[in-house]
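Sequences listed follow chains A and B, in order. According to this note's numbering, the first sequence is numbered sequentially starting from 3. According to this note's numbering, the second sequence is numbered sequentially starting from 24.
Keep in mind that a hint or two might mislead.
[Unchecked claim] Computed cross-link-like contacts, DSS-like style, restricted to lysine-lysine with a CA-CA straight-line distance of at most 25 Å:
#	chain 1	residue 1	chain 2	residue 2
1	B	K77	A	K363
2	A	K214	A	K102
3	A	K328	A	K363
4	A	K220	A	K184
5	B	K77	A	K221
6	A	K102	B	K74
7	A	K313	A	K287
8	A	K329	A	K287
9	A	K328	A	K186
10	A	K220	B	K125
11	A	K324	A	K304
12	A	K329	A	K186
By construction, these hints were calculated from the structure, which means they are not laboratory data.
Single-letter residue listing:
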Amino acid sequence: MASELITLKTTGLKTDEMIINMGPQHPATHGVLRLLLTLDGEFVKHVEPVIGHLHRAQEWQGQNRTWFQYQALIDRVDYLSGMFTSWAMARSAEHIEDIKVPLRAEYYRVMVSEMNRITSHLLWLGTYLIDLGAMFGFPFYPFREREKLLDLFEAIAGQRMMFNYIRIGGVQHEAPDGWFAKLKQFTEDFPDRVDEYEAIVTENPIFLKRTKGVGRLKKSVAMDYGVTGPSLRASGVNYDLRKFKPYSVYDRLQFEVPVMEGDGDTWARYMCRIAEMRQSNEIIKQCMAQIPGGTADELREKRKACNSCGKEDCANCGGDLKLSGKKQMAGMRIKAGEGFAAVESPRGVLGCYIISNGSDKPARFRWRNPSFSNLSVLPELLVGSPIADIMAVFGSIDVILPDVDR
Amino acid sequence: MSTEQAKPEETPNLTPGVFGQFLAEHDIPSTRLADSTGVETIEVTAANLEKALKRLRNSAETRMDFLVTVSGVESPENIESVYHLWSYEHTRELVIKVRVPKSTLGEDQLALMPTTASYWSAANWHERECYDLMGIRYVGHPYMRRILNPWDWEGYPLRHDYKQPLDALNDKNPVSFR
């Protein structure tokens, strides 16, 4: 595309540049993003993303609320993957205080997080196809499966999107009766559903024309900008925290991280996310088989013998089968120290840097959001491309604006 | 029990860690600080930051080529810029802190740090955010403007001495945000 710009210049044909605003209220930005575009005819010469329209001072709020209060707000940082934001903060606080998370809670965390990864990718898939102009009702296919998972979230956490489920030290609730059975049913059906999406989308000639070779992100550029997540792996860098620095129980699970070959174009990023959904499904299956104490129904049956005593030395209630390693209460404190912990969210490395002074509020709370770094690479992808590709490229890096603006 | 507790004493004379030794070999002085939950933490002076980061990023021994985040931190005595360095090739981690004592800053004077955005694109937006919220001016940054707040915002909201504009919360005021 850049070469065509040069031809225009060398042939002496002059066009005026035009500066236009895309956004802040644009239907395809899934939030509020303003792109200040400098256009040369049909082609983009310069892009400046203007962010901050959704700034809610999350860091300030974290520093001015107690640990317990802020836990409930964290899901709003990235509303599509609340489990991961809670988990990043919980891991960071656990690092500082050296809290041991019970094994059953770790399995719950992995399970709900992988479910959350699937819901996030499903929503991306549906809306991305709308961004590309596929208004024929395709989005209802992924939303159908997403709805099933949201029902399961509602059953276990009480909320469909703002879960507040993963807490410092563990998780909040045991799953209700029948939850595991429903999840098992879902994991069995899901691969067929992904096949359905792929049958409609992957080899679709219009989709291929809109995405193949569009928005190439070079490996070196991606690494320079700190791009992470599927957008990085689509560019051929094998970097996934779940494999690279295994946290929680990921070292006990068998899974492969999908990595695409060559310069990642928009289509590679799509393929990467599709493959990740399948992997997440496998991870959930393994978790359900491995979780200590078995399903919630079985465990409840066993606990009838000890009348759910909750004692530490009880075979059915204590040890690995607890749900939290730290007592949840309004005035809880984390000992002084500082720590940075990160998790692999659907969008990349989601980190949380906390400095605690031992009081009931953190002294400094800092988010490292994957969308923030991923969005900063957008000008590199867009310069030289036609205006029609802007939304195809922007949608493919899966940016969540509240995650960018905090 | 008071809510304010003393910060843990930073033990002086810590022996240099792997990265501290590496930097010392290349004549870049650094001070080791208390570990940040098991991760080596060093302090370098503002003048040495760029040299240190370049060395750590490009050497075959270290390859710290992933700048995870740049954070602005205000401690009681200092304004700090904290760099979390990871690598795409190995799992070692490093935290680098650059400190400017508040006592050296005059009234309304911003802490000055050298920028890393000129050769590490990841730092560009992170440094703008530190400038916006913490009031650290990165010298040589290509576009040192506010990023999250409006361009004409006054003050640096995460500073301890920040005064919230009271009018912003008054919904009777025609120029308030509500």
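We went through each hint and held it up to the structure:
no., hint, result
1, B:K77 with A:K363, "violated, 36 Å"
2, A:K214 with A:K102, "violated, 47 Å"
3, A:K328 with A:K363, "holds, 16 Å"
4, A:K220 with A:K184, "violated, 42 Å"
5, B:K77 with A:K221, "holds, 20 Å"
6, A:K102 with B:K74, "violated, 39 Å"
7, A:K313 with A:K287, "violated, 30 Å"
8, A:K329 with A:K287, "violated, 30 Å"
9, A:K328 with A:K186, "violated, 30 Å"
10, A:K220 with B:K125, "violated, 42 Å"
11, A:K324 with A:K304, "holds, 14 Å"
12, A:K329 with A:K186, "violated, 31 Å"
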